[in-house]
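Residue numbers (this note's numbering), protein chains in the order written: chain A, 1 to 528; chain B, 1 to 325.
None of these hints come from the bench; they were simulated from the model. Here the structure is a predicted model, which means the values were calculated and not measured. Don't take every hint at face value.
To be verified - No more than 30 Å apart at the CA atoms, straight line, and that leaves these computed lysine-lysine pairs for DSBU-like: (1) A:Lys-344 with A:Lys-132; (2) B:Lys-58 with B:Lys-129; (3) A:Lys-132 with B:Lys-58; (4) A:Lys-168 with A:Lys-137; (5) A:Lys-455 with A:Lys-467; (6) A:Lys-446 with B:Lys-58; (7) A:Lys-446 with A:Lys-460; (8) B:Lys-49 with A:Lys-132; (9) A:Lys-183 with B:Lys-221; (10) A:Lys-213 with A:Lys-183; (11) A:Lys-475 with A:Lys-219; (12) B:Lys-129 with A:Lys-414; (13) A:Lys-355 with A:Lys-344; (14) A:Lys-295 with A:Lys-355; (15) B:Lys-240 with A:Lys-137; (16) A:Lys-475 with A:Lys-137; (17) A:Lys-219 with A:Lys-168; (18) A:Lys-168 with B:Lys-49; (19) B:Lys-58 with A:Lys-455; (20) A:Lys-508 with A:Lys-258; (21) A:Lys-288 with A:Lys-219; (22) B:Lys-226 with A:Lys-138; (23) A:Lys-354 with A:Lys-455; (24) B:Lys-58 with A:Lys-414; (25) A:Lys-183 with A:Lys-138; (26) A:Lys-132 with A:Lys-467; (27) A:Lys-168 with A:Lys-132; (28) B:Lys-129 with B:Lys-221; (29) B:Lys-49 with A:Lys-467; (30) A:Lys-455 with B:Lys-49; (31) A:Lys-446 with B:Lys-49.
To be verified - Chain A is nowhere near these chain B residues, computed Cβ spacing over 10 Å in every case: (32) Ile-6; (33) Phe-24; (34) Ile-38; (35) Phe-54; (36) Leu-98; (37) Leu-107; (38) Ser-312.
Backbone N, C-alpha and C define an ideal beta-carbon position, used for all residues, glycine too.
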Amino acid sequence: MSWPRMGLRVLLAASCLLLFASAAPPAAAQEFKLAMSSPPTSMDPHFYNLFPNINVSDHIFEQLVAMDADSHIIPALAESWTLVNNLTWEFKLRKGAKFHDGSPLTAEDVAWSLDRPATIVGSPGKFDTYTKAIINKKIIDPYTIQLTTREPYPLLLADLTSIYIVSKKATQGLSSDDFASGKGMIGTGPFKFVRFQRDDRIELERNNDYWGKKPAWSKVTLRFIPNDATRLAALLAGDVQAIENVPTPDLAKVRADKNLSFYSKVSHRVIYLYPDTRREKSPFVTDKDGQPLDKNPLMDVRVRRALSIAINRDAIRDRIMEGLSEPTINLVPAALFGHNPNLKPPKYDPEAAKKLLAEAGYPNGFGLTMHTPNNRYINDEKIAQTIAQMWSRIGIATKVEGAPMSVYAARGAKSEYSIGLLGWGAQTGEVSSPLRAMVACDNPAKGMGAVNWLKYCNPKMDALLAKALNSVDDKERSSLLQQATAIVIDDGGVIPIHQQVTTWATKKGIVYVPRTDERTHAYQFYPQ
Amino acid sequence: MLAFIIRRVLQSLVVLLVMSLLVFVGVYAIGNPIDVLISPDADQIERAKVIVAFGLDKPLWLQYFIFLKNAAGGDLGRSFAYSTPALTLIFERMPATLELSSAAILLSVVLGLPLGLLAGLRPNGLIGKTIMAASILGFSLPTFWVGLMLIMVFAVQLGWLPTSGRGETQLLFGVPVSFLSWDGLRHLLMPAFNLALFNIALVIRLTRSGAQEALMQDYVKFARAKGLRNSRIIGVHVLKNILIPIVTVVALQFGSVIAFSIVTETVFAWPGMGKLIIDSIRVLDRPVIVAYLLLIVTIFILINLVVDMLYSLLDPRVRLAESKG
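So here's chain A without its partners, still in its complex pose (with noise of 0.2 Å):
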């Protein structure tokens, strides 16, 4: 044989090769790179309660109940429940969920997994939140576990979203530090952890065991980057397949690249402005010429409205937002409970604005200073500026004063300001948790009001709510909850301005189903 021959040989054997090697790529497709755009602090799902913990954890452990993409509460590993009587809860565990050693899913685990949290040291925000309503566990067998409140607690199922379910065998002994390596990382979820390198990637496998749908891709990696255009450059770049929240500035582009797809759902989260109605001074309420007032025109129900009606709503959606907000009046989008679909956006309107203040005796306005976070939700100081203007129109000279949520938040906690900027993500997908925080009375006893920093007060509301949150009755809890947020709407005690929406992009062929509740799913994306 001759050399050239023997060349031509070798050219057949390695493109048979490459052949082979092409055919390869269905196997190759499965794997799935996803950009989030903040690290997670910790691997151990009970260790803290912050966003990029919980988008993480959810890709490997599961809970109870869970939510669906409408944060409508959804059987997990738990398949059924029922209410034996108004204190007490029964659970029927799923038969086919099995842990990722291997180890079927039983009572013991979900007992020891509602006891957890309350262990945890060191953690800045424990899930003991969610678990402190349950007084006592009670396994009847390796597949029914009953939990008893101390009062009719309608919130049991929302709480228990927020509880992961980890396998006691596994993570007995374990402190929070020891997850990172991978030890205690024994879900039932879809995907199996693999590999977590700290603010960089996490690598995971798919769980082929799991009871539920399987996910579309064998491998995934959830890739860390906070740099907004350096997220947007790594999916043009195709180094990832998806990212969650496409910078605002780059939206147009986005929608007009044809090698992208775009998807974006109303979120869970409201901003709001949060007014002071209680003190007769307040320090950043002025007449026009900077000097203190002697009465606190923020008091009156009047002008509290006025300033409602003066927010061209629309105007920010179309042109501070891109057209990703949704203009509300309410705490909650509809989609979720206790929304009151009564409660219609106002109409803007200066003139009746201007009319109402002239009512109230301040014909010619006043002088007021707004503040606003602006490192915290999209666009929140530029949001703070378009109002400041509109107001200015009305004749109330509006200034604005952003600050990074850190040093923002711990002047709002003593209450410094006259009125300011907010967001608020309803987590227990019920409109109970913006009232509870922002708009009860302030009873730290009760945990009340926890972000009500200047301490509006209806009691009106307050029994409304109070007697919403003993009521086991979804029929009567929901009408309850309704009445209470048009008290606290039309009484002006926070003026909400619209429900923040949250985006994806993905490269052309595969799908997303966005969530309300802002996550992010590697499972839920799909090839097309």
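Given the structure of chain A, go ahead and fit chain B onto it with the hints provided.
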């Protein structure tokens, strides 16, 4: 020499002490970490518990005193957000930053020296002028902008290099490094170049002026008269003499590159110490901020110490023992 080192160590301890006090007071003045750290659903009682658990309920002077006491035992506190010792967190990320910084310094020498020499040898030629013009860009363009442009051109448009992150790492003496694999090198190249840009410009300018000055000197003229090859004159005689100031500056720059790699690490999602400090400042994770700054100060002090000692070795006229700081 020994007296010098002892005095230096004592001075350094004072600097560290002052630094820690400044940071402590500074973070305390900004705000309360609990407000940003704690999960929103937590109620006031839980909040109070966390404040007590982190010792933030104590007066500032007492918190500082406790910190000093622990620091004397080598414990700089635990991170609030990670609940891991602050030093562990920083050391975990240190290899990534050191690798990036070393690569940047290496690049600035490898690129800066020849380019600077070239510019020095042909100050009026087209090449010389182009190099000098380019070096002005190196000084004046903002790092984050250049970083993003590099990503747009080399990753998005050309697709030659990955956009961000650290590539495959391998253990070298138990330390994860990425320069041993092709994938790791590809990830390292852009951020290192981005970080090196300023220093490349610096080295070019130093080399050029040094070379121009050296070429006028008698020893070069003498070497030429002796009939030495041009390459030997420049490569050995000139280079050797201009290298001293360059080595000093580069060594000092190494400290700055480590400390100021923050921007580059943020743009390229490089998991180093710079990103850690930015995250920590955002949530006022005081133990990490304090530990990080103290560490950086220590690095600067050490580098200065080494430089001073090198001086005394290179130039016998410098007597460390007699210098009064």
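- Task: Please name the hints from earlier in the document that this structure breaks, with their numbers sorted from lowest to highest.
- Result: 1, 2, 9, 11, 12, 15, 21, 22, 34 and 35
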